[in-house]
Each structure stands twice: as structure tokens, then as C-alpha cells.
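**Q** Please put together the full structure from these sequences, using the hints given.
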Amino acid sequence: PEPHALWETSPQWPTLPAALHDAATTRPDAVGVIDGDVRLTYADYADRSLTVARALVAAGVEKGDRVAIWLQNRWEWPVICLGVWRAGAIAVPINTRLKGVEAADMLERTRAKVLFAIPSLLGIDHLRLLRQESGGPADGRPFERLPHLTTLVHLGDGEGTEGGVPLDDFLATADAVDPGVIAEREASLGPDDPAELLFTSGTTGRPKGVVLGHQQLLRSYWDWSGIVGLHEHDRFLLTSPYAHGPGINGNLVASLMRRFASVAVDVFDAPTVLDLVLREGVTAMLGPANLYARLMAAAEADPGKGTPRLRLAILGMAAIPPELIARLRSEWSVELICNAYGAIESTVVSMTRPDDPPELVERSTGRALPGVELRVVDDAGNDVPPGEPGELLVRSFAVMQGYWDAPEATAEAITPDGWFHSGDIVTRDAEGNVTIVDRKKEVFMVNGFNVYPAEVESLLLRHPALAHSAVVAVPDEASGEAGVAYVVPRPGATVDVDELARWARDAMASYKVPRHFVVLDELPVAATGKTDRKGLRERWLASSGGSGTPV
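Per our numbering, the sequence shown starts with residue 46, numbered consecutively.
Hint data in this document are derived by calculation from the structure and do not stem from the laboratory.
For glycine and all other residues, C-beta sits at the position ideal for the given N, C-alpha and C.
Worth double-checking, as some hints may not be accurate.
Said to hold, decoys possible - Taking lysine to aspartate or glutamate pairs in the DMTMM-like style, the calculated list, with each CA pair at most 25 Å apart, reads:
hint: 1; residue 1: LYS158; residue 2: GLU121
hint: 2; residue 1: LYS350; residue 2: ASP314
hint: 3; residue 1: LYS108; residue 2: ASP238
Said to hold, decoys possible - What follows is a list of derived Cβ distance ranges for each label pair:
hint: 4; residue 1: ALA456; residue 2: ARG190; range: 28 to 38 Å
hint: 5; residue 1: ALA512; residue 2: GLU487; range: 17 to 27 Å
hint: 6; residue 1: ASP74; residue 2: PRO211; range: 29 to 39 Å
hint: 7; residue 1: ASP423; residue 2: GLN57; range: 31 to 41 Å
hint: 8; residue 1: GLU583; residue 2: ALA523; range: 16 to 26 Å
hint: 9; residue 1: THR317; residue 2: ARG84; range: 13 to 23 Å
**A** This is the structure we're talking about:
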């Protein structure tokens, strides 16, 4: 690994609260988040998060307890998360795209003590769906079948709030706790204490919780933000949910150290977001290539609005169309375009560097971050020569502490000597630049969100009429990729695809819902005895002329 110069020359905050205190002391008036008309400074972060932390302690939260945050991108999200950390607890982010079944599973497995939630968003009654899965209030708790969850804090009115407390009322309880108690909690935190528990899907069909510590996040995102040169004058467009790694870590954690402002976006509508970019003077963005392409199309459709002047465009994990890079530079005057690769289990792994030529940014995700070791191996675990494909293994300070309550899964993912099996097939050139050549464990991406077929299949099989299902990815003009679900009915059952689609929209996050459903008598089997996903995908592409849309 290259020398860890960036970290060695940086202030070495031991914990995230320590980084917050430094930001609030040295740059109190710098804006941390912009949400519509709301602008919170780092001094505001410190003041408001202290109130949250005191209220959490009043609610019985102890060091190491889990606190779940099920909110969209809004200014309260970072304030609550910072309060969770200051109380010594572990943040459990839940994406608002998830539905009741998915959220209940996460809350049950993490044994979360407190849940901050939005009752409804975009016509989805989150808490009502959660109540359908977990029951109503019982024995003084908000959900009968979530025995560890003692407190529901809701931001707004709506169905399913029974047994909960409005945010303002919850914060009013902070007066019962002396601020010195929070100072003691912060002092008791160590660099290796867990800070967050992020969920990622896997091939088993059930999401796994990834445990990451304070120092891991600070060190990894100090380097990440330093390589791309984020600074206190930047305004960083936040399109990824705070509940995902790029949101909580790439925006919130990195901002505590670099003191930039996050410009919050919840629902991505290209013309509306373009207006926001222009109005707020956004200088930095992170997202998949198709996000930039949609914004550029919106700008092209209404040239009178003006042109963004981005300083920095960060893309992720995939080859970037050369024409997109050329347009970003020529039409939007982007100074730096960076490609990067990472995973929740290993945080940021590799990045291109500011002085890399455009053709390298187009084809690779760059070289390992300081302090990160990489290997590319064959099926027998032997290192392959430069340019040959193999599985990427990662070893570093940033590899997860483990999967939550899943020691066997952790042992499968991380070798005894610390190498994490990414599951990604890559090549690496003689200079160490990594190129992704095959999808990770059949994952595909819909509008920037990772979708795991096995998880969607598992959710589909909750439908009473289905015996089997297989989900494959196909090209989609609107979202980049989309899922096609091939389903087999139970004996004697009949599947109505329109009803199944409606059921799926109620049962899972919108980006996971397959775009198309096909009913089969049985799923095809490959020579290995497994479902022939390749054959199913080829069948669909043949019927659609290769476009992803059936003809």
C-alpha cells in the first residue's frame, strides 16, 4: 500500500463526536446542511444534537444500544444521527424506500430501542405498514412484536403513530438529563466502538447488518474526501439517501472533517434537482453515470435555466461512457471527474486520482486508498497476473468489524488473516488500477440503488400464490437497469401479474419492484442444477430485440 500520508498529516479525532466538537469550535458559522429554506451550521449541529442525545438518555438509551432512523433526506436526519453518536449509541439507518416487512426485520434483528420515523411519504404509510407486520401498541411499547423497541418518535402526523411521541415532545424530555452526562458518554467512547450498523443485501436473500466503528469511518472518509479535495467552500449535492453509505458517510461523516455543506435531495426529479443545483451553487456531486446524464438532459431541454459550474463529479464502480466525461468537461466545465469503488463491508477501496488521464477514469476505478491492500485471485485463491480477471480481496483498517449477530457469515466473508472477499470480478493493471468486469453476486442497479435478486425473490415468495421465483436484470432506458421476475404458481393457484405487481409495490422498496413479471410452469435449470438465470435473461432480451422492452 502507498504511504498513508493524508491521514498522518490530519487531525486524528478519536471519535465522530470529537470531530463534531472540532468543527463546531473552529467553523461554527459554516453551513453543514441545506434543506429548502433551512440552513444549519456546525454550531447548530452541536446544539441540536446535544438535545437529541439528552432525550435519548432520558428514554433509557445506554451506550451500545441501537437507535434506528427511518427518515428521508431532511435536516433532522444528521441532527438525530449526531445525537445518537453523542449518546454512545449505534445508528441503524433505514431507507424510506423500504416497506413494513423490510423495516420490521431490521428492527427485530438489531433489537433497536428507539425508532425515529416519518409516518408517511409520497403516499406510502410507513408506520401503518410497520404496524401490519409488527402489531399495535402493547405493554407500554409501540409495537407488540418488537419487544426491544421501547420508544417510537414520529416526525409528523399520520396513520400508525399510536403509542409514539411527536419529535418536539420527545426533545422536551432532554431537560431531565444534565449535559454533563453526555460529556461522560462521549469521553467513554473509543476509536473502535461501533458507530453505525448499515444493512446490505446478500445472496442468501436476507439483508445483513454491517458493523463499522468510529475510527474506521473517520480514517476512510478523511482520505476519500482529501483525494477529491472537498473543502469548506463546497456545496455537495446529496442525492443518495442518508441511510446509505454515500449519504451517512460520504456526506455527514466527511463533512464533519472537511466542513462543506450538504444540499439535501430526497426524491430525484431531474428538472427540479437541476433548479436546486443552480440556485444553491452546487460544486460537487456523487452518483451513477445515469444521474449525470439525466441532469444534462434536463439542462439541454431548458437551456435558458443556465449551466451548472461543478468543480467535482464523483462516479462509482462502473465504466463511464467517454462521451459523458467529455460533455461534463466541455459543457459544465467540471474540473475533476473521479471514479471510485467500494462496498459497505470495506468502505472506500479504490479511487482515481486528480492527475489521472481521462481514459483511465473512463475504464477503471483507480488505485487502492492509502492503507488498503488488494489481491486479485482465482478460484483456488492464487494471485493472478496483471490484466487477468479474478475475485478482488481487500484487507485494511476499514474492513467491517463483522456482520451483526452473524459470526458464520462473517467468517465466510473475511479470512482468518483479514482478507475480505468482495465477490467482485476485476482486473488490475501493472500500476494497480482496478477495473470491475463482472457484477457483484448478481447485483444490479436501479436509479443508483443496488438491487439483489435473491432478496427480491425472497420477498416475492411471501405472496401466497407463488412457489418459486427468479429475478434477472435487463437494460432499461429510464432507470439504467430493471428487474424481470419469472414466477411459478403454487399447485392449484393462479397468478394475476397485475395483482402481483400491486402486491410487490406494497411489500418492498420501489426500486426493488420488478418492472416485468412472467408466469412459468417451472424455472429452467442449468447443468449445475441451479436456476438458469443466464438463459432467462437471454430469453427476455431475445423477445425484446436486446432493448430490455418486450416487443
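**Q** For LYS350 and ASP314, compute the direct alpha-carbon distance and say whether it is at most 25 Å.
**A** Between LYS350 and ASP314 the Cα gap is close to 16 Å, so the pair holds against 25 Å.
**Q** Indicate whether the distance between the beta carbons of ALA512 and GLU487 respects the range 17 to 27 Å.
**A** For ALA512 and GLU487 the Cβ distance comes to about 21 Å; the hint holds.
**Q** Note whether the CB distance of GLU583 and ALA523 lies within 16 to 26 Å or breaks it.
**A** holds (22 Å)
**Q** Quickly compare the C-alpha distance for LYS158 and GLU121 to 25 Å and report which way the hint goes.
**A** This hinted pair holds, its Cα atoms lying about 19 Å apart.
**Q** Can the suggested window of 13 to 23 Å be confirmed for the beta-carbon pair THR317 and ARG84?
**A** holds (19 Å)
**Q** For the pair supplied as a hint, LYS108 and ASP238, confirm whether the alpha-carbon distance does not exceed 25 Å.
**A** Given that 25 Å is the threshold and the Cα spacing comes to 10 Å, the pair holds.
**Q** Taking 29 to 39 Å as the stated bounds, is the beta-carbon spacing between ASP74 and PRO211 within them?
**A** holds (30 Å)
**Q** Does 28 to 38 Å hold as the CB distance between ALA456 and ARG190, or does it fail?
**A** holds (30 Å)
**Q** Confirm or reject the claim that ASP423 and GLN57 have a C-beta distance inside 31 to 41 Å.
**A** 39 Å Cβ-Cβ, so the 31 to 41 Å window holds.
Taken one by one, the earlier hints all hold for this structure without exception.
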